[in-house]
Amino acid sequence: MKKTGSQIIVECLKKEGVDTLFNYPGGAVLPLFDELSSAPFHQVLVRHEQAAVHAADGYARASGKVGVVVVTSGPGATNTVTGIATAYMDSIPIVILTGQIPTSLIGNDAFQEADIVGITRPCTKHNYLVKELKDLSRILKEAFYIARSGRPGPVLVDLPKDILVDSAEFKYPEKVSIRGYRPTLEGHPGQIQRAIHLILKSKRPLLYVGGGVISSNASKELFHLSEKLGIPVTMTLMGLGGFPGNHPLSLGMLGMHGTYRANMAVMESDLLIAVGARFDDRVTGKLESFAPQARVIHIDIDPTSISKNVRVDLPIVGDCKRILSKILSLLEKEETPSFRGGLHKWHRQIESWKAIYDMNYQQEQIIKPQYVIEKMDELTGGEAILTTEVGQNQMWAAQYYKYLKPRTFLTSGGLGTMGYGLPAAIGAQVAFPNRLVIGISGDGSFQMNSQELATAVQYRLPIKVAILNNGYLGMVRQWQEFFYGKRYASSSLEGISPDFVKLAEAYGAVGLRATKPEEVVPVLKKAFSIPEPVVIDFVIDPEENVYPMVPAGEPLNQMRLV
Amino acid sequence: MRHVITLLVENEFGVLARIAGLFSGRGFNIECLSVAETLDPAVSTMTIVTRGDDQIIEQVLKQLNKLISIIKVVDLIDKDFVEREMILVKVLATEKTREEILRIVDIFRGKVIDVGAKTYTIEITGDEKKIDALLSLLKPLGIKELVRTGRVAMSRGSKAMTELT
Ligand SMILES: Cc1ncc(C[n+]2csc(CCOP(=O)(O)OP(=O)(O)O)c2C)c(N)n1
Ligand SMILES: [Mg+2]
Chain A
49 MKKTGSQIIV ECLKKEGVDT LFNYPGGAVL PLFDELSSAP FHQVLVRHEQ
99 AAVHAADGYA RASGKVGVVV VTSGPGATNT VTGIATAYMD SIPIVILTGQ
149 IPTSLIGNDA FQEADIVGIT RPCTKHNYLV KELKDLSRIL KEAFYIARSG
199 RPGPVLVDLP KDILVDSAEF KYPEKVSIRG YRPTLEGHPG QIQRAIHLIL
249 KSKRPLLYVG GGVISSNASK ELFHLSEKLG IPVTMTLMGL GGFPGNHPLS
299 LGMLGMHGTY RANMAVMESD LLIAVGARFD DRVTGKLESF APQARVIHID
349 IDPTSISKNV RVDLPIVGDC KRILSKILSL LEKEETPSFR GGLHKWHRQI
399 ESWKAIYDMN YQQEQIIKPQ YVIEKMDELT GGEAILTTEV GQNQMWAAQY
449 YKYLKPRTFL TSGGLGTMGY GLPAAIGAQV AFPNRLVIGI SGDGSFQMNS
499 QELATAVQYR LPIKVAILNN GYLGMVRQWQ EFFYGKRYAS SSLEGISPDF
549 VKLAEAYGAV GLRATKPEEV VPVLKKAFSI PEPVVIDFVI DPEENVYPMV
599 PAGEPLNQMR LV
Chain B
17 MRHVITLLVE NEFGVLARIA GLFSGRGFNI ECLSVAETLD PAVSTMTIVT
67 RGDDQIIEQV LKQLNKLISI IKVVDLIDKD FVEREMILVK VLATEKTREE
117 ILRIVDIFRG KVIDVGAKTY TIEITGDEKK IDALLSLLKP LGIKELVRTG
167 RVAMSRGSKA MTELT
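Chains A and B, in that order, give the protein sequences.
My numbering applies: residue 49 is where the first sequence begins, and numbers increase by one.
My numbering applies: residue 17 is where the second sequence begins, and numbers increase by one.
Be careful, since some hints might not be right.
What the hints assert, rightly or not - If we take Cβ atoms under 10 Å as the criterion, some of the chain A residues that face chain B in the derived model are: (1) V165; (2) H174; (3) N175; (4) L177; (5) E190; (6) I194; (7) R199; (8) I226; (9) R227; (10) G228; (11) D350; (12) T352; (13) S353; (14) I354; (15) S355.
FYI, nobody ran anything at the bench for these hints, they're computed from the structure.
Note that CB positions come from ideal geometry on N, CA and C, so glycine has one too.
All chains, please: the whole structure from these sequences, using the hints.
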């Protein structure tokens with residue numbers, strides 16, 4: 049039977065198992081929306097296309113499914129760019145469908161024309177302009193396959209209006225075959241064997257794990273490996289939740305704002321086992337002095353990540369989950385209890401670092417942001433899904449909440465996009481309507497996508513937005529305090545933020561405020577009990593800083609502790 | 017070090033932009049690049065000459081491989097290979113220099129393919145060394161214009177690019 053392009057798209061989305069779309073309509077894409085009006089998807093109308101992509105991203109990170117976005121041509125498409133770049137940097141599977149002017153007009157500077165395929169080429173895993181209707185279903189099949197396989201990422205499909213309207217025979221391709229794209233999944237057996245030798249020979253091994261553990265669903269394997277051998281685990285910002293934060297072998301986060309013991313462990317380790325991590329500069333500090341004593345094993349699905357920044361002794365390209373489980377099964381044959389026993393000294397050393405310095409802050413008469421996060425952790429038992437904005441709020445959320453499970457900490461790591469957290473919380477709540485979703489926010493970042501409160505209210509999404517309100521673009525102020533002689537250029541919001549309680553109310557959400565430490569717990573309890581979107585304005589110490597801090601470009605053991 | 021990389025790519029719109037964007041976005045250098053269809057019209061072949069230390073070239077090759085429209089990447093520098101470039105060069109030809117130009121062209125087995133009132137246009141094909149040598153001889157005589165195709169290259173022996181590892 050013949051179908052229009054729009055009908056074909058709906059059929060393809062169904063075949064891909066899509067249940068939710070994040071939408072914003074416009075002229076060029078109206079034929080598709082007309083078809084969507086009767087399609088069986090949960091459809092969320094956001095208030096800005098950037099937020100559509102962040103919401104789809106939050107949905108994807110929380111659920112592990114591909115997030116889907118539908119927007120119009122021109123400004124609708126260009127508004128998605130920051131969202132796409134955010135997802136690209138963090139390897140999040142999203143398919144973005146953009147309307148486009150009719151093929152006959154492309155290149156004419158027609159109304160609402162933008163070369164979105166050209167614009168997003170460097171920030172998508174792949175993108176397509178559908179020029180002929182006969183290619184449509186194949187392209188959509190490929191788009192979903194590329195987005196979710198290998199190292200995941202965003203894929204954009206640009207859909208000219210005539211393609212949406214014209215009719216053709218519909219046949220869904222059962223298989224994908226892209227000759228230029230064959231991700232390696234199984235690690236090289238010889239390399240895996242060599243890795244086991246290196247591990248069993250090591251005295252001070254350290255697992256350094258990143259977002260790849262989350263995206264390949266390898267947490268269970270990681271847990272077993274760490275427990276079986278007694279190897280401590282440190283996580284990148286993207287890796288948080290990949291290993292339980294309350295486990296004795298968890299050293300917490302490493303890097304610029306990492307824990308003292310994690311960074312010291314990197315400096316002293318004799319074997320670094322990197323799993324799904326990419327040696328980002330926020331993690332390594334000064335490259336030449338990163339893990340100076342360690343041999344490095346690097347497990348990653350993306351060959352370009354290997355030996356990009358740091359020389360690697362033993363690369364293993366493939367899917368983290370498969371490789372870790374292969375290592376585990378081969379370890380069955382080895383004498384592991386004695387190895388574990390041999391790590392006693394290493395464990396004691398790590399304990400002693402913890403005794404020297406652990407995350408801490410001085411509680412005073414004014415609310416400390418760390419206290420807010422700590423109380424959240426206590427009240428939720430580490431079971432909530434947290435999203436963050438960017439800046440100090442993001443770092444405190446990373447440091448003071450003990451994430452127990454993967455896909456519970458959603459943050460823009462690679463791009464560091466302010467404005468991510470609120471829409472991502474919306475996406476996560478759409479994926480899990482019955483879970484507690486908390487958006488940790490800053491007074492600056494919140495205002496980058498605060499319009500999305502309307503979306504939360506419209507769909508009755510009971511997200512809890514906790515603004516750590518310090519009156520500053522706090523992380524910028526902290527850098528200016530440390531490195532620019534306290535010259536606070538353009539970083540004070542000068543008390544000119546809106547009244548966030550009233551703002552919430554204006555949107556039809558609930559607004560709460562805490563100004564004293566003793567109000568924090570009651571306000572949190574109250575917020576968690578309200579089955580509606582809530583914004584909490586935590587008026588915190590304006591000049592609190594994030595510690596420890598390794599200044600950019602310094603070795604990891606050069607930490608500022610106070 | 018100089019590397020000659022040959023690629024098989026999907027012959028679809030935007031592929032060249034993807035590759036050019038990759039090089040410019042990551043700060044890799046392109047000395048020259050040539051593209052044309054293969055016997056299979058769905059596939060094009062590209063030859064890229066680039067420079068970089070081992071680590072950079074490793075990244076270049078991996079990043080090229082990562083592009084979905086690229087079917088195969090081979091760094092010919094690890095192989096025995098032949099390379100050629102064709103150039104067209106318009107040289108000033110005066111009473112005094114005509115003879116000399118013709119002699120040089122003859123030695124290099126080039127051709128004069130167009131004659132103007134005061135110029136010869138010469139076609140010549142060869143590897144980098146030959147072309148450089150020719151140009152250094154013609155330069156003092158006055159080169160008005162130079163157009164080069166960029167390098168094309170192929171491994172020696174009976175294996176096709178698709179069979180190389
Ligand atoms: C879109 C965007 N613009 C600018 C920045 C640079 N930046 C990083 S943190 C920060 C301050 C964030 O302020 P706020 O949201 O109040 O968080 P705080 O650090 O105060 O917790 C800025 C401006 C960014 N990360 N993203
Ligand atoms: Mg702030």
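query: Against chain B, with CB atoms and a cut of 10 Å, does the hint on R199/A hold up?
result: 9 Å, holds
message: For the restraint on S355/A, tell me whether the closest CB of chain B is nearer than 10 Å.
response: 6 Å, holds
task: Could you check if T352/A really has its C-beta closer than 10 Å to a C-beta on chain B?
output: For T352/A, the interface hint holds, since the closest Cβ of chain B sits about 4 Å away, which is under 10 Å.
query: Should the interface hint for I354/A be scored as holding, given a Cβ-Cβ cut-off of 10 Å against chain B?
result: For I354/A, the interface hint holds, since the closest Cβ of chain B sits about 8 Å away, which is under 10 Å.
Interface hint status, I226/A versus chain B (Cβ within 10 Å): Since the shortest Cβ distance to chain B is 6 Å, the answer is holds.
field: Given hint N175/A near chain B, where the shortest CB pair must fall under 10 Å
entry: 8 Å, holds
message: Less than 10 Å between beta-carbons is the criterion; does I194/A satisfy it with respect to chain B?
response: 6 Å, holds
- request: Tell me if D350/A is really an interface residue toward chain B, meaning its C-beta lies closer than 10 Å to one of theirs.
  value: 7 Å, holds
message: Just to be careful: measuring from the Cβ of S353/A to every Cβ in chain B, is the smallest value less than 10 Å?
response: Holds: closest Cβ of chain B sits about 9 Å from S353/A, inside 10 Å.
message: Hint G228/A vs chain B: min CB-CB distance below 10 Å?
response: Holds, because the Cβ-Cβ distance from G228/A to chain B comes to roughly 5 Å (cut-off 10 Å).
field: chain B contact restraint on V165/A - CB to CB distance below 10 Å
entry: 7 Å, holds
message: The hint names H174/A as touching chain B; please verify it with the least Cβ-Cβ distance against 10 Å.
response: 5 Å, holds
Hint violations for this structure: none, all hints satisfied.
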